[in-house]
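Build the complex: two chains, separate frames, hints provided.
Residue numbers (the numbering used here), protein chains in the order written: chain A, 1 to 895; chain B, 1001 to 1167.
It should be emphasised that the hints constitute simulated quantities derived from the structure, not laboratory data. This structure is a prediction, so every number in the text was calculated from the model and none was measured. Do not rely on the hints blindly, as some may be mistaken.
Partial pick of chain B residues on the chain A-facing surface, computed with a CB cut under 10 angstroms [to be verified]: (1) I1040; (2) P1044; (3) T1046; (4) S1051; (5) V1058; (6) R1062; (7) G1063; (8) K1064; (9) T1083; (10) L1085; (11) M1102.
Cross-link-like lysine to any residue pairs, in silico, SDA-like; alpha carbons within 20 angstroms at most [stated by the list, open to error]: (12) B:K1050 - A:Q440; (13) A:K390 - A:V427; (14) A:K407 - A:Q440; (15) A:K846 - B:I1045.
A few chain B residues that don't get close to chain A, going by computed Cβ distances all over 10 angstroms [said to hold, decoys possible]: (16) G1012; (17) E1013; (18) P1052; (19) E1118; (20) D1125.
Heads up, the beta-carbon is just placed ideally off N, CA and C, and yes, glycines get one too.
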Amino acid sequence: MEDDSLLESFIEESNEHLETIEEDLLVIEQSSEEKPEIINRLFRAMHTIKGNAGFLEFENIRNLAHALEDFLSCVRNGEITITASHMDNLLKGVDQLRVMIQDIQHQSEYSIEDLVVRIRAMIDSTQEDVVHIKTPQQIIPIELKEVEKKEPSQNMWTLSFQMGEWEERNHKSPVHLIRMALHLGLVLAYESQLEFKTDNDIALIQCQIVYSTHLSQKEIQIQLGLEPYEIHSAEIVYTTEIAELSQLKDSHSMNFNSMLNQAKGINQGDLGTLVSLMETMEPQLNSSELPQAASVVLNRLYSLTKNILFDETSFILGKAKLVKGLEKLQHLNENEARENQVASSTTVSIDISDETMNEFQQNALSSLQTMEAYVLEYEKGNPIAIEELKGRLHTLKGELGFVRLEKESQFIHQLEEYVNHKPDTQVLLEALDYCIEQFQQLSQPQRHEFKSFESFLLQGTSNQKAVEEIPQEKIKVPDPSVKDLVQKKVAEETLRVGVGRLDKLIDAIGEAVIAHGIATGDKVVSDIKSEVTISDRAQLKQKLERLEVIMRQIQEYSMSLRMINLKGTFQKMGRMVRDLSRQLDKQVKVIMEGEETELDKSIVEHLADPLIHLIRNSMDHGIETPQEREAAHKDPEGTIKIKSYHKSGNVVIEVQDDGKGINPKKILAKAIERGVVNENQSLDENEVLQLIFHPGLSTVENVTQLSGRGVGMDVVKRNIESLRGAVEIQSVVGEGTTLTIKLPLTLAIINGMVIRVEAETYIIPTLSVIETLSIKPHQIEYLQGKGQMIQLRDEIVRVYDLGGLLEVPDLSQGIEKIGLIVEDAMGRKCAILVDQIVDQQQVVIKKLSEDMSEIQALSGGAIMSNGQVSLILDVGGLLKMAFEQKESELWKKVS
Amino acid sequence: MEESIVTEKALGEELQGKYLTFKLGVEEYALAILKVQEIIRMQPITRVPKSPFYIKGVINLRGKVIPIVSLSLKFDMPEPEETALTCIVVVQVERNDHEVIMGVVIDSVSEVLDIQGEAIEATPDFGSTIDTEFIQGIGKIGEHVKMILDIDRVLSLNELETVSQLA
Chain A
1 MEDDSLLESF IEESNEHLET IEEDLLVIEQ SSEEKPEIIN RLFRAMHTIK GNAGFLEFEN
61 IRNLAHALED FLSCVRNGEI TITASHMDNL LKGVDQLRVM IQDIQHQSEY SIEDLVVRIR
121 AMIDSTQEDV VHIKTPQQII PIELKEVEKK EPSQNMWTLS FQMGEWEERN HKSPVHLIRM
181 ALHLGLVLAY ESQLEFKTDN DIALIQCQIV YSTHLSQKEI QIQLGLEPYE IHSAEIVYTT
241 EIAELSQLKD SHSMNFNSML NQAKGINQGD LGTLVSLMET MEPQLNSSEL PQAASVVLNR
301 LYSLTKNILF DETSFILGKA KLVKGLEKLQ HLNENEAREN QVASSTTVSI DISDETMNEF
361 QQNALSSLQT MEAYVLEYEK GNPIAIEELK GRLHTLKGEL GFVRLEKESQ FIHQLEEYVN
421 HKPDTQVLLE ALDYCIEQFQ QLSQPQRHEF KSFESFLLQG TSNQKAVEEI PQEKIKVPDP
481 SVKDLVQKKV AEETLRVGVG RLDKLIDAIG EAVIAHGIAT GDKVVSDIKS EVTISDRAQL
541 KQKLERLEVI MRQIQEYSMS LRMINLKGTF QKMGRMVRDL SRQLDKQVKV IMEGEETELD
601 KSIVEHLADP LIHLIRNSMD HGIETPQERE AAHKDPEGTI KIKSYHKSGN VVIEVQDDGK
661 GINPKKILAK AIERGVVNEN QSLDENEVLQ LIFHPGLSTV ENVTQLSGRG VGMDVVKRNI
721 ESLRGAVEIQ SVVGEGTTLT IKLPLTLAII NGMVIRVEAE TYIIPTLSVI ETLSIKPHQI
781 EYLQGKGQMI QLRDEIVRVY DLGGLLEVPD LSQGIEKIGL IVEDAMGRKC AILVDQIVDQ
841 QQVVIKKLSE DMSEIQALSG GAIMSNGQVS LILDVGGLLK MAFEQKESEL WKKVS
Chain B
1001 MEESIVTEKA LGEELQGKYL TFKLGVEEYA LAILKVQEII RMQPITRVPK SPFYIKGVIN
1061 LRGKVIPIVS LSLKFDMPEP EETALTCIVV VQVERNDHEV IMGVVIDSVS EVLDIQGEAI
1121 EATPDFGSTI DTEFIQGIGK IGEHVKMILD IDRVLSLNEL ETVSQLA
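Next up, chain B with everything else stripped away, as it sits in the complex (with noise of 0.2 angstroms):
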């Protein structure tokens, strides 16, 4: 028991700062606001034959071609459907030394908010039907929770591969 609450700290220690929160569906995730570039509204995507399932296609960002991340989809929930409030998190990833650009789309941004050390805990365990390796932590706002994504490793070029290999 004693041990889970130092670890508990330690974690908090680790996340606490400022976060981006937005809607995916009913669920409330929260991205570290360095990881963030910039929001974009949602625009015309083209579509990339035999990309994986969750790539949504490419974008031009500025004269770079950026591919776009469907987070619904890579979580195995149903599309939402588009509205005015979808946008795309324009998201710094580290991958092997470098830094690659990418798109998230969300079905909206709610705030930006400053989570605090004590206000993290573990991610429960849900049981194994539950993918939960991407969520690094529960943060408690309130009378809500919002999930603390490990966006490196949502995004990272193994974790895209692997899940292209088994579609």
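Isolated chain A (complex conformation) (with noise of 0.2 angstroms):
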């Protein structure tokens, strides 16, 4: 039992230690400078896996973390500057890590001496660079056959160049070079030839590659940062490869045998046809004939001669392997051959459980969403966005290999392709909105086929030309800024817990503060009689207060576990601003502010969709467009704000436009015809303002001409009511609309008003209070019996008195009463009569029992400090009641 937790455990952490190890190499591929503060993270990270493994007594991923740790080391002691092929080893490192601990039961059965050996080279050869390979095994020059297109659309050219000359150019190994060819299009071969310069000795590397690509010869200089003489067209084609694939495309079963063969006696130039035989296969990798198994193998040994062609160091040890994954691949296809069933029997499969499963969903839509606010910054003109953007995806299509999702997985790697070449934004978003779609649903048995990502294209052709005619943004490049997405993943790191474990504790803590509180109050504290003496007394109460401070403290910090912050929502947003912007022809540019803002996550959960209903609002009728704006001598390109900080412990949220504003007027002459307010009733210009949100008039249709806004902002008001929050409205003809959300931190507490009816207390959410007001007994008119009224100000009020409402025991009357004026479901202002205020407080809400479920006008219980519960009313409900309860009187009368 014990051991199981603790290997979850380590598993868990080592896969994070993991991620950010990967993420943090690309960063350093990324940037030019070393960055020291990565690199020790990368060495810790390391570090503790090993150290982990150890303990386990995992000797393959120990000896493995042990032979990376000492390289890291190295680095970080700057006795070895990491270079591209260094990098390679080291993400092949990672990946075989990952591996291993995914597949932790079997981790011993893989082989990772080649590995290790190369790693710990890298150590020993401290200068190792890739201009130093300059002796390949063997150069077989490829040749090169009669000309014939196979589609019209590639064009085949031949790179040629220096090796050492590009890299000095370019600042980046061949490795990159090729790294970058291969994801936009197809090396067909891969030829170099060593040449001596007789002048001064240097030997040059003359690399010559056969490429098929869609792009053209500038686009490739461009790309690839070639000069035009480097690319010649080179018209082949590749012959007896397309034999081959059209054997392939006859039957499933594929020839292994002739590839095995060519494999045992392999050599650079083969290794360069089998990858392209490779690639050609490549989408018959997931078909579904294939048994499972296989196509996991073939996957692997895919990736695997990509990498060991463009790296000679690997390329001896590359073929042993090779040679062996071919060998097992065979075998898998005679047992397929002969079982006719899937081969599970070498388990290269491993079972995905609805954790994972669930786990996975999470990590993807969350990396999903990041790589939304890259696109979106991308777009902005940050071009380091896009190199992040890949990354990303380039672990989301590890993580989709992982649990068998392998449509999936290809759509993203076609995905990452596509981001390789200029990619257009618009496609880029509605992508990811499609896997957000469709991850989504990942959990339910049933869920649509996962389209490839040609047939996405294919469908979203209707909204490409719609972009089409807008033109292209142009791109600006601000210096890149790799300092600021390193510190953004300090605080990126996060720990996961069930919301149900965090209950308990929350609830637990909440209990110790109450118990506390009664302590505290216990008599040997208090009672002088008691034979304690009094300094024994005050030293206790001392004591008492000291764990007081502390508990107030751990209530807060448990409370705050609850809490994540407004970013996603806001990205939500500002997502949504730039697609409506599009589609209405507006120019309308977001700023966000306090995205950082913290609040309860089941508040964050609720809060998207009235967000999205105000800023829709606003794009639809508060900007104007550019034309409009411009003749009102505004700023062509309009302004949503969205803004969100604390104020006295709640958190209030903005959505402001510079549009054209509401008039009032035609509010309060709309509000008068639906009969909503007496045309004699003397409202200012804000209280007509508020009338938006009453359902009499926002349910008209034909209102958002005329005054701009209304339609469903009572619904946005009775959602953000339903989350203990209040909305407000300002506006200024011409100069644009203000809303502005007021809400609380969490719904497990609230603000409370402690008030007293005759013995009994009781506590209204400060939220619901509008103003309180003493009234004398002789302030209250009296209606024929059928209700009570104040005056306030020039206002009608009308009055319920709480003790009444809730068949108190009366004791007292004609004192004076405090008058809590509240607004009632139509937005009508009641006061509601108490005896006192008494305090005010924060609240833990307490659920009722079903039993008093059905009781509207109470909300909840709240422990107060005595130990004793006060229940907590609902206003909503409470007037719902007394209404309900006149009706009745109402009705007694008349029978």
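See the structure below:
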């Protein structure tokens, strides 16, 4: 049992470390200079993995991690600078670690010696560099055959360059070049030759890549950084490969034998052929006809061949591995032929538990959202963002592979390639949306078939057209700030904990606070007659007070565990403004402030809908078209500002636009017409504006055209109020509108007014109370026995006696009371009479049992500092009850 | 005659076990010990307005708000004076697959008894004026009888609802 949980936490922790390691490595790869803090972090993470693996006696993992750690330690000490070839091995090491950790039971069966040797070799030859690998085993020039273009859209090029020169020019290794090339097309053949320049004894490596791509010469030049003279048209085609390909297409049982033979006698040139063969096979890798196990092996082989081709150090080792892999594959294939069923005996397949899937789903979704942010960032002209996006996509692809979502994995893979050549942000965003939508359905047994990226693009063409009409925005190039990205990541480290566990902790702490309160109020402390001395008592009291401070702190911390920031929500809004501005042909920029403000998770979850509504309104009706704006001497580009901040224990979210504003006169006219307000009622401008939330007004559709606002504002208000919040509107005609949402920090705690009615104590949420005033008996007017009212400034306000409503035993009468002014569901003001406002305090809401859930005046109970329960009143329900009570009283009188 | 003996035996087998016995006025009741979570002193109860008449209110039981039912009121008996012996028995009742914790106010706790199967008889029929549906059986202990309470039923939501509708 204990072992299991140990193991689990080891796997979880290690995976987390590996994830940061991989991301860090990618950051290093992108930035030219060394980042000591990243190297440090890398080292520490690797060290932890090593230590844990050693403790749990996973020798393989420990050894590999140890090798990596040693290397990183050298880097940390400045003995080694990481080069691209190092990076390859590092990433491979990380991948291998991940594979072993995921298949922890069989970790000892993986062979890691090659990798360890290679990593150790990196440490030994400290100044190893790609340029130094000047002696490939054999150079067999590829025979270039007669031209026969397979696809008209594909261009064939020969890229020829001097390795050393290219590296000097671009400060990147040739491996990098070939990597990039692979992303943009197909490397058909690769050839390198040593060339001795006699005059200065320098050996140059002349490289030639035969390359099939849809890119033009110019584009290759820009993308790969090659000079035009280095790119020649290569009108060739790989006839033999095509022949083999057609065979493959005919029957899905692949001719592994020939591949194996090829691999055994492989040399560098052949590897190129093999890679291209693999590339063409790739769509079939995931086909359902292929046994799953075989497809996994094939996938691995594919990436393996891709890697060994361009990394000469690993050539021999890689070759051995490849042969081994192919042997395994062949074995699998034979197995399958014999049993005609999925070859599960070799157990390459790992069962994916629901939990893993769940976790993956959450990870994927949050990662997709981050990607969305990067796309938006990229659109604004930040080139770093696209690199970051690539890294994320790559990670996601890997994860998808692990959880066996092959279609999805391929989609991401294609998306990854798409990102590589000047992606259209609209297509990217749509693709991400599509993924988000699909991944959300992961847990459902019947979900839609995942489309391939091509068919997605095809279906997306209608949108694309729309996009094309809008002139492409220029992409500005601000200086890349890798540092920002580094810092961001430090802040993002989180721990996932079940909500249930958190709630239990919060409950327990709440109880402890109360128990402490009871202890403090105990007789021993307060009763003078007890036998303890005064100084004893004082000491005890002091101790208890100290404890109280700590308890409060703990409670605060525990409450904060449920808090998440508004970043995700704001991001969504930013995205929406962007989409809408294109749809509506308006120019709008979004300014977001205070996205780091934190709120209870359950509130944040329910906040998106009302916010979307408000922003839609602003976009639809608030912000004018560029022409209108210019005519009004405004910046043709409108602004929507979404802002969040803390204010007196609440969180305030503002949605502000600089549009045309709302004309209160029109609203008032409409309100009078609808009978929502009385003509004689004198309302100030602000009060008129708030009428927009009135259900009687906001559901009238044609108000929209009249006032520019309104549809569904009552829904917004209801939504916000169900979160125990409040919403308000301010607007100046011609200048814009601001909606202010006030929200409690959490749903579990409210700010309450503790009130007394006769001998009973109740709590009213402070947010529901607009104002309080003292009311003398003579101020109350009686209305033919139907009710009571008072005059509040110029307004007639109905009065309800809380004691009467709640049937509190009546002790006194005729004394001055306190009136709490609240609003009913229709937005009318009412006064609730109580005897005294005792206190204002935060209370933790406790549910009442179901026996009392029918009582609509109550929303819960709260445990007060004396240990007793006070009931929390729900103002809406209370007034509704009062209304119904009046009705039934009237009926009684009638009958 | 034989039939009723058979059912009686079955009933006895079903109900035999440990019981907490308590007093309500002059009557003696027995409550299956497995249903009892704890017995607590009488304490200030917060009245809940608009709740059914026999719900005395709610209390704080170590951070949980639980409802308190007065069994006397529930059984249409006059509510007795509160004494030092008055206490709250916290019970766990089954309600559509989940457990609910409630408190019942009783006059005084007597003892924990083992009631044998042969000592249990079916509830006699007192005619329609007296409602015996909450009584599962009668346990004879020496010269006294204890009424075995079907607490799940007494505190079931349906039961509470119908009563509150009537009231």
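Verification of the supplied hints:
| no. | hint | in the structure |
| --- | --- | --- |
| 1 | I1040 | violated, 12 angstroms |
| 2 | P1044 | holds, 5 angstroms |
| 3 | T1046 | holds, 4 angstroms |
| 4 | S1051 | holds, 5 angstroms |
| 5 | V1058 | holds, 5 angstroms |
| 6 | R1062 | holds, 6 angstroms |
| 7 | G1063 | holds, 3 angstroms |
| 8 | K1064 | holds, 7 angstroms |
| 9 | T1083 | violated, 21 angstroms |
| 10 | L1085 | violated, 22 angstroms |
| 11 | M1102 | holds, 7 angstroms |
| 12 | B:K1050 - A:Q440 | violated, 44 angstroms |
| 13 | A:K390 - A:V427 | holds, 15 angstroms |
| 14 | A:K407 - A:Q440 | holds, 16 angstroms |
| 15 | A:K846 - B:I1045 | holds, 16 angstroms |
| 16 | G1012 | holds, 33 angstroms |
| 17 | E1013 | holds, 33 angstroms |
| 18 | P1052 | violated, 7 angstroms |
| 19 | E1118 | holds, 38 angstroms |
| 20 | D1125 | holds, 30 angstroms |
Checked against the numbered hints listed earlier, the structure breaks hints 1, 9, 10, 12 and 18; every other hint is satisfied.
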